[in-house]
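Student: Using the working numbering, the first residue of the sequence shown is number 63, and each one after it goes up by one.
No wet-lab data here; the hints were simulated from the structure. C-beta: ideal position from N, C-alpha, C; glycine also. Check the hints yourself; a few may be wrong.
Between beta-carbon pairs, the in silico distance windows are [said to hold, decoys possible]:
id	residue 1	residue 2	range
1	THR102	LYS286	29 to 39 angstroms
2	LYS103	GLY353	39 to 49 angstroms
3	VAL105	LYS262	36 to 46 angstroms
DSS-like mimics (lysine-lysine), calculated; alpha carbons at most 30 angstroms apart, straight line [stated by the list, open to error]:
id	residue 1	residue 2
4	LYS259	LYS246
5	LYS109	LYS146
6	LYS109	LYS262
7	LYS110	LYS100
8	LYS146	LYS223
9	LYS182	LYS223
10	LYS110	LYS156
11	LYS371	LYS286
12	LYS155	LYS334
13	LYS155	LYS103
14	LYS109	LYS334
15	LYS286	LYS100
16	LYS156	LYS262
17	LYS146	LYS182
18	LYS110	LYS155
19	LYS100	LYS246
20	LYS334	LYS351
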Amino acid sequence: MVDREKDLKDLEKMKTKIVIMICLASQQFCWGQSFTDKITKEVSFEKKGIQNALMIANINGDVNVAGYEGDKVIVEVTRTITAKTQERLERGKKELLLGSIDRADTLIYYVEGTCNNFGKLQSKKRNWGAQGGWGYNWSESEGRGNKCNPPYDYTLDFTIKVPTSVNLILSTINNGDVTVENVKGALTVQNVNGSIKLTKISREATATTVNGDVDVEYLSNPSKDCRFYSLNGDINAWFQKGLAANMSFESFNGDFYTNVDNLESLPVTVKKEERENGTKYKVKGNLFKIGDGGVFLDFETFNGDVYLKERVN
Numbered sequence: 063m064v065d066r067e068k069d070l071k072d073l074e075k076m077k078t079k080i081v082i083m084i085c086l087a088s089q090q091f092c093w094g095q096s097f098t099d100k101i102t103k104e105v106s107f108e109k110k111g112i113q114n115a116l117m118i119a120n121i122n123g124d125v126n127v128a129g130y131e132g133d134k135v136i137v138e139v140t141r142t143i144t145a146k147t148q149e150r151l152e153r154g155k156k157e158l159l160l161g162s163i164d165r166a167d168t169l170i171y172y173v174e175g176t177c178n179n180f181g182k183l184q185s186k187k188r189n190w191g192a193q194g195g196w197g198y199n200w201s202e203s204e205g206r207g208n209k210c211n212p213p214y215d216y217t218l219d220f221t222i223k224v225p226t227s228v229n230l231i232l233s234t235i236n237n238g239d240v241t242v243e244n245v246k247g248a249l250t251v252q253n254v255n256g257s258i259k260l261t262k263i264s265r266e267a268t269a270t271t272v273n274g275d276v277d278v279e280y281l282s283n284p285s286k287d288c289r290f291y292s293l294n295g296d297i298n299a300w301f302q303k304g305l306a307a308n309m310s311f312e313s314f315n316g317d318f319y320t321n322v323d324n325l326e327s328l329p330v331t332v333k334k335e336e337r338e339n340g341t342k343y344k345v346k347g348n349l350f351k352i353g354d355g356g357v358f359l360d361f362e363t364f365n366g367d368v369y370l371k372e373r374v375n
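Work out the full structure: start from the sequences and follow the hints.
Tutor: Structure below.
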């Protein structure tokens with residue numbers, strides 16, 4: 063009887079070892095090979111001035127930017143590549159690079175090595191993440207359009223420090239969020255599958271994402287027009303007490319909430335736009351005046367709510 067119990071225990075241990083080995087083999091099969099390293103750069107603007115701008119055009123990964131009391135742009139990028147075989151991993155290590163362009167008063171960093179080439183856009187067709195004529199030629203890459211499928215997966219996670227006065231143009235698409243903190247320059251931020259968080263900002267901002275929340279916190283209220291958009295997410299905007307602005311709210315499945323007392327409804331407006339195929343008229347409702355009115359704040363969601371708050375203290 064004792065021997066039988068011992069045999070059963072040994073059998074159970076063997077089964078456990080087999081299961082563990084199968085799991086490890088399965089993980090190895092699923093995950094394959096992985097490689098991570100860090101890329102660091104420290105650069106200065108050749109032409110310094112209030113027009114200085116930093117553009118980050120990421121594809122997969124986070125973009126985190128913080129302002130500091132210095133005069134250099136400090137870039138740290140964590141590059142992670144995974145592949146099913148060592149050969150494919152080595153290919154990814156050679157192909158996937160951090161691209162950079164120095165335009166004297168503007169610094170641009172992007173993903174280099176994929177079939178979606180980055181540069182000056184020739185087509186007038188709108189490309190996601192394109193700003194100032196720069197972006198990825200999604201529709202022109204080797205004649206394959208968006209079917210860019212390298213034999214490896216990757217992320218580039220950006221962590222950046224900038225002088226507080228620098229203007230920022232930031233974008234990512236998958237597997238990442240965009241955060242900005244303590245920056246006094248103008249902001250243009252885009253995301254697709256991730257959130258956007260802007261804290262301690264002072265200037266005009268445009269922040270748009272498809273799947274994620276947009277959080278905005280103003281250290282001092284903006285003096286120029288702003289736009290905030292999320293298709294599937296909430297918009298949370300905090301302003302300083304005494305906000306004076308005109309605003310628009312538009313949502314299909316969302317509501318608007320605010321702690322602002324001095325809020326007045328405005329009449330519907332009609333905007334006229336001349337296009338190649340004719341004139342377009344856009345009716346805009348849900349217009350409000352906050353305080354004495356002023357800069358235009360445009361809030362839009364599809365499946366999300368908008369929360370506009372003034373700081374109590």
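Student: Hint by hint, note whether the structure agrees.
Tutor: Hints versus structure:
no.: 1; hint: THR102 to LYS286: 29 to 39 angstroms; result: holds (34 angstroms)
no.: 2; hint: LYS103 to GLY353: 39 to 49 angstroms; result: holds (44 angstroms)
no.: 3; hint: VAL105 to LYS262: 36 to 46 angstroms; result: violated (24 angstroms)
no.: 4; hint: LYS259 to LYS246; result: holds (15 angstroms)
no.: 5; hint: LYS109 to LYS146; result: violated (45 angstroms)
no.: 6; hint: LYS109 to LYS262; result: holds (26 angstroms)
no.: 7; hint: LYS110 to LYS100; result: holds (28 angstroms)
no.: 8; hint: LYS146 to LYS223; result: violated (35 angstroms)
no.: 9; hint: LYS182 to LYS223; result: holds (26 angstroms)
no.: 10; hint: LYS110 to LYS156; result: violated (34 angstroms)
no.: 11; hint: LYS371 to LYS286; result: holds (18 angstroms)
no.: 12; hint: LYS155 to LYS334; result: violated (50 angstroms)
no.: 13; hint: LYS155 to LYS103; result: holds (18 angstroms)
no.: 14; hint: LYS109 to LYS334; result: violated (39 angstroms)
no.: 15; hint: LYS286 to LYS100; result: violated (38 angstroms)
no.: 16; hint: LYS156 to LYS262; result: violated (39 angstroms)
no.: 17; hint: LYS146 to LYS182; result: violated (34 angstroms)
no.: 18; hint: LYS110 to LYS155; result: violated (35 angstroms)
no.: 19; hint: LYS100 to LYS246; result: holds (28 angstroms)
no.: 20; hint: LYS334 to LYS351; result: holds (22 angstroms)
When the structure is compared with the earlier hints, violations turn up for hints 3, 5, 8, 10, 12, 14, 15, 16, 17, 18 and for no others.
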